Amino acid sequence: MTDADEAAWRRRSVVAVVPPARPRKLAKVPFVELADGRLQGVVSSGSDIERVYVSSVTAGNHAYHCSTNNNRPCGGLRGAPCKHLEALADEAVLQYGVDRVARYLRVDAGDGTQTGVELLSRLDARHEPTSAAVVFSRFLRHLAYLELPASTTALPELHWFPSTGAGR
Amino acid sequence: MLGTQLAQLHGDDPTGLADADDVVAGFDEALLRGFARVGEADALALTALTGAVAGTPLGERVAEAVGKVTAGSVGQEHLAALAGARAALLGATHDALTARFDAALGRERAAWTAPAGEPADGSPARAAARSWLHETALAGWRGIDHELLSAVGTPVEAALAEPGARRLAVLLDGLAAELRAGLPVATMAQPPVRRWADLWARGVLLAQDGPATDPTAGATPVSGRLLPLGVDVHEHETAVQVQLHAILEPADAGPPRLVRVTVGAAKVATIGGPAVWRLLSAYPVLLTAIAQRRALTVTDLPAYGGDLHWVDERAQAGEPADPFATARVLLGTATAAATAPLDRHPAAIAEPVLLEGYTVHDGGSTVDLGGQRLAVALDRLPAGGPLTPALVAASSSCLGLARFDGGRWLVQPLAVQATVKRRPVEAHNGDWADGVTDPKVAKAEARAGDAVAVLRERAGRLLRR
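Just so you know, the protein sequences line up as chains A and B, in that order. Per the working numbering, the very first residue in the first sequence carries number 1; after that it's consecutive. Per the working numbering, the very first residue in the second sequence carries number 1; after that it's consecutive.
Excised from the complex, chain A in its bound form (with noise of 0.2 angstroms):
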């Protein structure tokens, strides 16, 4: 970009700032996200249905837990990251792309690594033990947005944010 471009760039009010979250299969990893300045979420228990596990790791020290949502340790962590971590590490790459999940973990990505799980091994990561209360949490509350009703108001604000992507 030249420094005009640049310049014309910092005085637009609509640019996309955010991709869209790219499509994925939700029923083994239902929630992922980058906030509170760790890669978190809720993976569906393969064995019982009613069981979920929360898993997360750290952004800059990548310090990773996985535990069930009632803070019951995983039985897979054996001094690495369990299946749980590695799945929700590959659904992040799948939803975000492998560049803004390293960005956001602080962690070189390098070149040729493609999954969540390879990035997972580029990590200097160890166990530490975290509440799963916060993450299950924003889960619980990411899950009430499907629960709020429709509106037929106007919201003027998201005309700063058209929809995009088209033949994506």
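Check each hint, because a few of them may be wrong.
Claimed, not checked - Derived lysine-lysine pairs resembling BS3-like cross-links, with alpha carbons at most 27 angstroms apart: (1) B:Lys443 / A:Lys28; (2) B:Lys440 / A:Lys25; (3) A:Lys25 / A:Lys83; (4) A:Lys83 / A:Lys28; (5) B:Lys443 / A:Lys25; (6) B:Lys440 / B:Lys421; (7) B:Lys421 / B:Lys443; (8) A:Lys28 / B:Lys440.
What the hints assert, rightly or not - What follows is a list of derived Cβ distance ranges for each label pair: (9) B:Ala444 / A:His127: 32 to 40 angstroms; (10) A:Ala144 / B:Thr333: 45 to 53 angstroms; (11) B:Ser396 / A:Arg106: 46 to 54 angstroms; (12) A:Val117 / B:Asp12: 55 to 63 angstroms; (13) B:Val329 / A:Arg22: 36 to 44 angstroms; (14) A:Lys28 / B:Ala18: 51 to 59 angstroms; (15) A:Asn61 / B:Glu64: 40 to 48 angstroms.
These are computed hints drawn from the structure, not numbers from a lab. Note that the coordinates shown come from a computational prediction; the quantities given were computed from them, not determined experimentally. Here a beta-carbon is modelled for each residue, glycine too, at the ideal position from N, C-alpha and C.
Here the structure of chain A is known, so what remains is to put chain B in place on it, guided by the hints.
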């Protein structure tokens, strides 16, 4: 729109437009660095804002606010004055551009009539929003951290619980998601300073406990035939909105009016593309009419200026009505509505136009109309519809919205008539309102699975315990 009209639209910039833009840009750069400690250049920029509104009813309060900011002790009431001054400049810009547009196109516009606003009661959601926006202004975009962003949850949750504060909730959610994706902003190659300052300033104004925030005040019922022109789709991670631009032929035989019908829903980031239409299933009559391009007969719909509040039970889908034919016959004479003062901003300009007989350049990103170039907003083609940049590039007629951003006019296509493989094709943004009609896309959608159903199942199991 004709080439001569476009030439008139382009003409010389309205007086003062560039100056106002510079003053706003100065404010926006100051907000990047924050108001906790204001440097010399930013203090000058804020003083320019004072100068721009001197002699207006805002003058004194803004001068006082700028004094406080540069002294390093800015309170919430001072931020309100600054946001007000910035909004006044952009509102005046909006008015100058709209007047230019109306003169060029010969469009009639009804005068604004202010609804009788009752002073609103204090709201916890607005108070929480004011406090969060105050903290972000002190920090500046560069000073924002994870903690401050997580704190937006309090005002958003409170605002979602108040039906009258939906605008605030949706705005804060959209802004916070972008800041989250941009962290740390200090290392961001290109922070969108105008955009974020727009959203911040609008948020500050929406968070005031002032009068006239009640959108249901001052409605007049309208009846008649509604002829769709096209739909404009807006969405961010947690909201989607479909805005139908249409022409109303009033039942009392009054002149045709340009109106808008808006329906929207809350959503989550993983619901996107054509799936968003399913979130609007509470309005089957409207969606069917959009998908099948039919006229609607409406009875006693509450109208607020040009905005009709949709009530599906008061509408009936009628005979097919080609939006291009509607535009050719009625768009030239239909009366447009005025925009509410608080909503005036160049980004709010969305005027239906019909373009014909143009040549396409640069892969669809520019059209040439009688020797006049016009940029095409290809980044505003929604993922939930059949319009693609390729179809725009192959088009010969376009129904769109005139937009203004970054100092220039653009057209945002809502529908095109094109020739593909020597066959005429037509595509409208709303074609998939009732379900995807393109078998390839439908198959991809089926493969990805029903996100709404999966999340509703999870919600059913986990939410009510």
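Verification of the supplied hints:
Our distance criterion of 27 angstroms between C-alpha atoms is met by Lys443 (chain B) and Lys28 (chain A), whose separation comes to about 21 angstroms. Between Lys440 (chain B) and Lys25 (chain A) the alpha-carbon distance is near 18 angstroms, which keeps this suggested pair within the 27 angstroms criterion. Between the alpha carbons of Lys25 (chain A) and Lys83 (chain A) the distance comes to roughly 17 angstroms, so the proposed pair stays at or under 27 angstroms and holds. At roughly 11 angstroms between alpha-carbon atoms, Lys83 (chain A) and Lys28 (chain A) fall within 27 angstroms of each other, so this suggested pair holds.
This hinted pair checks out: Lys443 (chain B) and Lys25 (chain A) have alpha carbons roughly 14 angstroms apart, not beyond 27 angstroms. Using a Cα cut-off of 27 angstroms, the hinted pair Lys440 (chain B) and Lys421 (chain B) holds, with the two alpha carbons roughly 18 angstroms apart. Simply put, Lys421 (chain B) and Lys443 (chain B) have alpha-carbon atoms about 23 angstroms apart, close enough for the 27 angstroms limit, and the pair holds. Straight-line distance between C-alpha atoms of Lys28 (chain A) and Lys440 (chain B) comes to about 25 angstroms, which keeps the hinted pair within the 27 angstroms bound.
In this structure, Ala444 (chain B) and His127 (chain A) meet the distance hint of 32 to 40 angstroms, their C-beta atoms being roughly 39 angstroms apart. Under the hint 45 to 53 angstroms, the C-beta atoms of Ala144 (chain A) and Thr333 (chain B), about 47 angstroms apart, fit the expected range. Distance hint check: the CB atoms of Ser396 (chain B) and Arg106 (chain A) are about 50 angstroms apart, consistent with the given range 46 to 54 angstroms. Separation of Val117 (chain A) from Asp12 (chain B) is about 59 angstroms and conforms to the stated range, judged on CB atoms against 55 to 63 angstroms.
Restraint check, Val329 (chain B) to Arg22 (chain A): a C-beta distance of roughly 42 angstroms satisfies the suggested window 36 to 44 angstroms. Taking 51 to 59 angstroms as the suggested C-beta distance range, the pair Lys28 (chain A) and Ala18 (chain B) conforms, at roughly 54 angstroms. Remark: the range hint 40 to 48 angstroms for Asn61 (chain A) to Glu64 (chain B) is upheld by a beta-carbon distance near 45 angstroms.
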